[in-house]
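**Q** Chains A and B supply the protein sequences, listed in that same order. If you use this note's numbering, the first sequence corresponds to residues 1 to 275, in order. If you use this note's numbering, the second sequence corresponds to residues 1 to 275, in order.
Calculated from the structure, these hints are not laboratory results. It is possible that part of the hints are untrue.
Same chains, same names: a pair is fine if it fits in one copy or spans any two.
As the list claims (entries may be wrong) - Derived DSS-like pairs (lysine-lysine); straight-line CA-CA distance at most 25 Å: (1) Lys223 <-> Lys107; (2) Lys208 <-> Lys107; (3) Lys251 <-> Lys111; (4) Lys223 <-> Lys105; (5) Lys107 <-> Lys262; (6) Lys240 <-> Lys223.
Take a look at the letters that make up each chain.
There are 2 protein chains.
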Amino acid sequence: MTVTMEIICIGNELLIGKVVNTNASWMGKRATALGVLVRRVTEGPDEISEIVSVVREAIARKPHFIVTSGGLGPTFDDMTLEGLAKALNRGLAVDEAALAMVKVKYKEYSKARNIPEGEMTPPRVKMATLPKGAQAILNPVGTAPGVRIDVGGTVLIALPGVPSEMEAIFEASVAPLLREAAGNLGFYEMSIYADSIMESVLAPLIDKVMHDNTGVYIKSHPKGRENRPHMELHLSTTGKPTEIPEERLRKASVELAGLIAKAGGELVKAETMTP
Amino acid sequence: MTVTMEIICIGNELLIGKVVNTNASWMGKRATALGVLVRRVTEGPDEISEIVSVVREAIARKPHFIVTSGGLGPTFDDMTLEGLAKALNRGLAVDEAALAMVKVKYKEYSKARNIPEGEMTPPRVKMATLPKGAQAILNPVGTAPGVRIDVGGTVLIALPGVPSEMEAIFEASVAPLLREAAGNLGFYEMSIYADSIMESVLAPLIDKVMHDNTGVYIKSHPKGRENRPHMELHLSTTGKPTEIPEERLRKASVELAGLIAKAGGELVKAETMTP
């Protein structure tokens, strides 16, 4: 069974291009390496009604996992928890475990900076106000806890948008879930680079090699121009280590390299990325 | 009337995190600067059925513009034109204008590299095989033409995924459409940076300043940690130059700076980005 995942990133800063969405590519890379198939990435604005739509649409596609980033902080425009509650027709309630996590953080901060601890103001309590039935997930490096909600066969996990916090929670609490669900698969990839061969000439060669090598996916990435072609051929496959997926890649790459040479292309480099 | 746009980026390399989606942020920034509101970004895989879903869902939301990038090239996994045709229940046909554009490019390449021009093989003809009723758009720097299709009140434009080609077609043929549709609006933004103030303390101050300054949107971006807070406050507004939107931003930023200082924060920097 292929384990599937969707990524949802909330934040106006993504849509206006102020911030490049490295959270999506980071999560996509990690999930892929763990053997999970990422099916879609969606970016939406800081608006309740849009968050509700984006989340409902993703749930309707029934992926095994949905991971969101952004919108868990204390400000008015952090709306992901309210959006999730509305999307699922659930109420919001202060979660005692989440509240304890947030309190501990402010206690730490006040000690570290030698300032008064301050009250649990509404913006602080907001970070612990979760959709009913949700579980808080420890944030090892920041304030806002992550949140897990099980919806039918889908595990929905909400992470903060600050990259260091998202990554820390992902590694500690999301990666193990994905690895286990995917049955300890790995993603294997290598690239070969060729000069002096146009993508339009490569196209049928790629077709042939993919046909001859079941399970190997090949995609060409033009790096130069069709005019002065420099091409990356990216080969990838997913499998258990015992199935020796590296051998599948090696075989396919040798066949492809031979066809490229025969068509007048020059092989300039090969690169293996181990999982 | 607010002119809306959605961005769709097609490519497995985005979903597996091999490539960071700078096309989406580049287009988002340009569209925003032209006064257009980007409502959603979607990334989908190189699969016909998924492209059909992504495109149909975007059309159903009735934005004024949909701009796609990726999947226009000559290889088997360049599927955007086939996906668009299926999504719109239209057939595909070789477009004479597009074919002429592609032919000219290969003529140029063969001259520049002093190699035979080569035949118009199926992979080359593929780039000129458009959904019926579509118009080809000149690609000033690469081979695959852009494509425009009008669907009800939505203008759908498909651009190549290679950033230099996407950007060149966007500037030449998409930006003027957006500018005119938006009524020559501009997007104005500035940032102020503050130390020693936590996001949870800032939250109510931002609320107040947004309430006092209609049309100004403020978003806090934590750059340090809640522990050692360094905060970017991003202020933005959209308007015609004659409405002096800069003055709106200036007024709001002065009020915000005063409130931050009163709450014990230190203002460290201010930055204006002119449109």
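**Q** The structure should be examined with respect to each hint, and the outcome stated for every one.
**A** Against the structure, the hints come out as follows:
Taking identical chains as interchangeable, the C-alpha atoms of Lys223 and Lys107 lie at most 25 Å apart only when they sit on different chains, with a minimum of 21 Å there against 51 Å within one chain. Proximity of Lys208 and Lys107 under a CA criterion of 25 Å is satisfied in neither setting, with 63 Å inside one chain copy and 27 Å between copies. In the homo-oligomer, the alpha carbons of Lys251 and Lys111 never lie at most 25 Å apart, since the shortest distance is 59 Å inside one protomer and 36 Å across protomers. In this assembly of identical chains, Lys223 and Lys105 lie within 25 Å of each other by CA distance solely across copies; the values are 17 Å between and 47 Å within a copy.
Taking identical chains as interchangeable, the C-alpha atoms of Lys107 and Lys262 lie at most 25 Å apart only when they sit on different chains, with a minimum of 23 Å there against 68 Å within one chain. When the C-alpha separation of Lys240 and Lys223 is checked against a cutoff of 25 Å, the pair qualifies neither within a copy, at 32 Å, nor between copies, at 40 Å.
Hint compliance for this structure: hints 2, 3 and 6 are broken, all remaining hints hold.
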